[in-house]
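Read in order, the letters of the sequence shown are residues 0 to 386 in numbering that gives the first Met the number 0.
Watch out, some of these pointers could steer you wrong.
To be verified - Below, in silico cross-link-like pairs of lysine-lysine (DSSO-like), each with a Cα-Cα straight-line distance of 30 Å or less: (1) Lys17 <-> Lys183; (2) Lys368 <-> Lys271; (3) Lys132 <-> Lys97; (4) Lys151 <-> Lys384; (5) Lys151 <-> Lys183; (6) Lys183 <-> Lys318.
It should be emphasised that the hints constitute simulated quantities derived from the structure, not laboratory data.
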Amino acid sequence: MNCAVKPLADSDFSSHDKRWMRLAGLYAGRAQGHSWPNPAVGCVLVSADNRLIAVGSTQAGGRPHAEAEALLKAEQARKTADLKAGTAYVTLEPCAHKGRGPACADLLVQAGLGRIVYAVEDPDERVNGQGHKRLIKGGLTVQSGLYAAINKTGLSGFLSSRRRGRPFVTTKIATSADGFISAKAGQQTWLTNEQSRRYVHDLRSRVDGLLTGIQTVLVDDPALTCRLPGGRGRTPVRLVLDSDLRLPVHSQLVRTIAEGRIITFCAQQADKSAQAALQAAGVEVVRLCCNNGGLDLSEALQWCEQNDLSNLLVEAGTKLNRSLFEAGLLDRLIHLTAPGKINQGVQGLLYDANTASALAFPDDSAYIKVQSGHLSDDQLTIWQKAD
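All chains, full assembly: derive it from the sequences and hints.
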């Protein structure tokens with residue numbers, strides 16, 4: 000963090016500021032899952048007398064940026080004159096570097112705005128306070144920190160990529176009320192309700208990549224696509240950890256390759272003829288080193304980060320989840336608990352026989368509960384690793 004930029008507290012901002020930043024956050028949410036390699040950002044432009052002029056979000060493929068998109072909409076609506084001395088609300092510090100277009104900080108200065116409010120400082124070494132400084136140099140009043148905590152959630156993949164060199168990893172775990180993920184090993188068991196399944200499809204639409212293990216593919220034969228109404232084109236890159244290249248070319252996953260890319264990670268010694276068959280079906284194959292009897296998970300995540308996949312959702316069994324957890328690679332855990340019990344079967348992650356429950360974190364756990372509620376009769380609990 001650039002210590003020269005001191006963010007303000009939410010209480011330092013007016014009710015109007017909060018209203019407009021909430022709107023910017025909503026527009027940022029619309030870009031989640033299809034803005035990569037750039038972060039999903041929202042921008043709201045407001046006149047000096049507090050009228051909404053235009054809104055924008057990062058567009059597909061990362062360009063235009065949210066600020067440029069909002070300014071373009073203001074121009075198309077012939078409202079650029081209304082921006083004079085107005086305010087821009089942006090969920091991430093405006094960029095200060097030129098890429099495929101001008102720096103957003105320069106565009107905002109040129110628009111004649113009088114004030115910029117942004118939520119989160121950009122840790123990218125090309126920005127990191129430089130956008131803030133450039134805006135001030137351009138004569139604008141600049142304030143930061145409004146709803147920073149909320150907006151960091153939407154920017155979690157980007158922030159993790161820049162700060163830790165790996166994607167932000169969320170796992171979704173569904174269990175029965177007594178902590179089991181299925182009634183029998185090697186057997187698919189439907190646990191959660193329709194509302195929870197729609198929730199999971201929405202999660203898929205908001206990430207860059209969806210990670211699973213070969214055992215889940217062989218047992219469940221999932222498509223792992225986004226099947227929400229209007230969700231066509233929102234299926235993330237599907238990633239399979241498959242040491243021996245057992246992924247069947249006739250699986251639902253491969254048969255739905257038109258919905259989006261499929262990457263399978265395998266061991267260095269995996270069969271080359273199996274690789275050729277998968278590649279002929281359109282699957283991309285990446286060979287990794289192994290450790291602790293399995294693929295190197297850190298290397299897999301590093302590959303994802305290097306290929307602009309900064310936000311991953313894991314949908315897998317307990318074995319893979321345990322490996323990620325023990326390696327310290329799980330950042331957020333989403334636990335869906337169905338109301339029914341199945342009394343025996345495959346135990347969920349961190350199963351506690353005494354309480355008959357999964358995700359029984361130890362007392363010294365780094366994870367804190369950040370959200371709880373219900374999706375119809377299913378219970379939703381979200382745990383996140385403390386910064």
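Violations among the numbered hints: Hints 1, 2 and 5 are the ones this structure does not satisfy, whereas the remaining hints hold.
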